[in-house]
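For this one, chain H is given, so just place chain U with the ligands on it according to the hints.
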Amino acid sequence: MNQRRSRFQIHGWLLLMPAAIFLIAFTYYPTLATLAKSFFSQGNAIKPSRFVGLENYEFLITDEVFWKVVGNNVIYAATTIPISIALALLMAVWVNGRLPMKSLVRMSFFTPTVLPMIAVANIWLFFYSPDIGLIDQITSSFGIASHNWLGDPDTVLGCIIVITIWKEAGFFMIFYLAALQTLSPELEEAARLEGASRWYYFRRVMFPLLMPTTLFVLINAIINSFKLVDQLFILTKGGPDNASSLLLYYIYEVAFSFLDQAYASTLTVVLLLALAIIAIGQFVFLDKKVHYR
Amino acid sequence: MSAIELCGITKRWGDTVAVRDVSFKVEQGTFAVLLGPSGCGKSTSLRMIAGLEDISDGQLLIGDVDMTTAQPAERKLSMVFQSYALFPHLDVRENILFGLKIRKIPAAEQEIRLTRVAELVGLSALLERKPAQLSGGQRQRVALARAFIAENPICLMDEPLSNLDAKLRHEMRIEIRALQQRLQTTVVYVTHDQAEAMSMADKVILIREGQIEQEGTPDELYNKPATTFVAAFVGTPPMNLIDPKKMGQIPALTDTSDGSPILGVRPENITLVTEGGLESELLSADYLGADTIITARIGQEELLIRAAGRVNVLKPRPARIRWQKEDVHFFDRNSGKRTDRTKAVDF
Ligand SMILES: Nc1ncnc2c1ncn2[C@@H]1O[C@H](COP(=O)(O)OP(=O)(O)O)[C@@H](O)[C@H]1O
Ligand SMILES: [Mg+2]
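Going down the list, the protein sequences come from chains H and U. Following my numbering, the numbering of the first sequence begins with 222 at its first residue and continues without gaps. Following my numbering, the numbering of the second sequence begins with 5 at its first residue and continues without gaps.
This is chain H alone, in the form it adopts within the complex:
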C-alpha cells in the first residue's frame, strides 16, 4: 500500500519535471540570482565583487536618472493603457456591427500588430523626421515651422506613446471582437425593446459582460508598458537627455553599456516588485467586479 503510494508520487514528480526544470532554470533561478546580485558590488579585474548590503538600493534612491525614467514610465503607462484599451473597444464595437467590407476593416485594424516592431519603428521614423518626414510635410503646407519631433525632449515621449497606442489598439481589438461575438444578439434586442439607448446598453450590459476581457487586456497592457525596448533602440536610444527612456531600457543600458550588472540587478528587483504589486492588486480588487460566465 505504502509502496504503491510512493510509486504514485514518483510518477507525479516525473511528469512535472520537464515543466519544472524549465520554470526553475529560466524563471526562479534568474530571479533569485538577480536578487542576490543586487546585494553585491560590481566586481572588476582590480576590485572583486563583495557584499555591500543595501548600498545599491541607497544609490538607487539618489539616482536622478532612475527617477526620471520612472516618471517617464508612469506617464507612458498612464496614457498608453487607457487610450489603447478604449480605442480597441471602440473599434471592436464598430467592426462588430453591420459594416460594408467588414473583414477588410478588421484586417487593417489588426495589421499594425502583425508587423515586426523594427519595421514599424522605421515607418514612424519616416513620419517623424524633421523637414522631409510626413508630419512636417503636411504641417509645412499649412505654413507651420518644421519641428524635430524625436529630437525635442518635450515631444519625444509623446511620439513613442502614439506609436504604442497605434500598435496595441489593434491587438487588443481582436480580443474584444472575439468576446463581442459570443454575446447573444438577443440581449441587445431585448434592451432595444425596453427603450435602451445604445449608450445605456453599452454601459449596463455590454461593458460589464466584457469585463473578463478587459481584465485580461489590462494585465497585458501593463506588462507591455514595462517591457518596451525595441522602438527605443531604433527611434531614440532613450534620448535626448533620457526624455524617452523607460525602465527596461535603462536597465539594459546600465547592464550592457555601463556594464554595472549589480546595479542593473537592483533596478530589476524594483521592476519585479512593482509588477508583482500591480498583479496582486488586480486580481484581488478587480476580480470581485468581474462577471465570469
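The reader is advised that the hints may include incorrect statements.
Examples of chain U residues toward chain H, derived with CB under 7 Å [as the list claims (entries may be wrong)]:
| # | residue |
| --- | --- |
| 1 | Ser-87 |
| 2 | Phe-102 |
| 3 | Pro-242 |
According to the in silico footprint, chain U covers these stretches of chain H (three or more CB under 8 Å from chain U) [stated by the list, open to error]:
| # | region |
| --- | --- |
| 4 | 405-411 |
| 5 | 415-424 |
Ranges of calculated distance between the beta carbons of each label pair, as one might list FRET restraints [to be verified]:
| # | chain 1 | residue 1 | chain 2 | residue 2 | range |
| --- | --- | --- | --- | --- | --- |
| 6 | U | Arg-133 | H | Leu-404 | 18 to 24 Å |
| 7 | H | Leu-404 | U | Gly-43 | 22 to 28 Å |
| 8 | H | Gln-503 | U | Glu-115 | 49 to 55 Å |
| 9 | U | Gly-126 | H | Leu-404 | 28 to 34 Å |
| 10 | U | Arg-133 | H | Ile-339 | 50 to 56 Å |
Keep in mind the hints are simulated off the structure, nothing from the lab. Idealized CB from N, CA, C, for every residue including glycine.
Just chain U with the ligands now, with coordinates in the frame of chain H:
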C-alpha cells in the same frame, strides 16, 4: 379597434422572400398563435411586429396607429425570446426591473410592481440569484416577469417553451395562458408545435412558406381544414389523406366520382367493426396507454386508426373498418384546397 393589424406585409432579404403578403388582425385581449413548420417565416413575422426587423412592404397598425417604421420601444410591447435573453451579469431583480429603470419609473412604484409580478410567476424567493443559478423553468419565469412588469398591452413570444422538457412545457402552457387571461394582455405567440397552438390559442394563424395557409380558431382548423397541408399539420396523428382510386375494389364512398377528390378522415373517426364497412389489413399497432394507433392498409393506401384501449397486432391480420359520412373531408386533387362539392355516403 384591433390591437395589431398586418396589411400585406412582405419581408425580403435580397432574392429570398421570407414572408409574402401576409395580412391578419389580432383583437384586443386575445391569444393569437403563429403556427407553422420550421423556417416558414413565423419568427420573421413576429420580429417585424416588434420592430426588430424592417418591413419590406406593407403596413403595420398597432392600436390603429401606423407603426410600420416606428422604433421598437415606441410600439409599447414586450417580447419573450426563445433563449430568454436574460442579462447574465444581473440578478433576477435587476433583470426584471431593467426596462422600468430605463423609463425612470419611481423606485417605490418599481418595488410594488416587482413584488406583484414576482408573486404572479412564483419567483419571490429567487430575486437575488443570477440567471446561471436558475433552472430552465425558472429562467423562463424571469423572462415572463420581465415581459409582464412593463404592463404593455401587447406581449410577443417566440417559441418560449421549446427549451423546456415535456412536463414543464405542459405546466408553463397552462400558466402562460392563465397569466394572459388574468392580465387581459394581447399575446402573439410563435410555435411549431401544433398541440401547443391548439391548447393555448384563441386564434391560430397557420403559415406555410411565408404565406398564411389558414386563419381561425383551433376548432375551425381541426374541423374544417382549408387545405391538405392544414389537415396534415393539425392533430396527432394527422388526418389520413387517401386517394379512393388506389384503394382497389371497394364500395362507393362518394355520391359522384367527378374530379375524384382526395379524401380526408381523422384516425380518431375510424372504428374497427365486425361486419360491414371496408375490408382492410391491420399491419402494426403502437400502444400509447389510453389508446392505440393502428396502421392499416386498404389496396395501396395506408392509413392510421386511433382505437381506444389496447389492440394487439402481432402479425398482419384482416379487419373491417368504417367511418361516418359526417367525418369525411374532401380536398381538390390538384390544388389541395378543401372542396364541398363532393358529398360522402355511408357504406
Ligand atoms: N437575416 C436573415 N437573412 C436572410 N434570410 C433569413 C434571415 N433570417 C431568416 N431568414 C430566412 O427566412 C426564412 C424564415 O425564417 P424564420 O422566420 O426564422 O422561420 P421560423 O418560422 O422557423 O421562425 C428562413 O428561410 C430563413 O432562412
Ligand atoms: Mg423561429
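Non-conforming hints, listed in increasing numerical order: 3, 8
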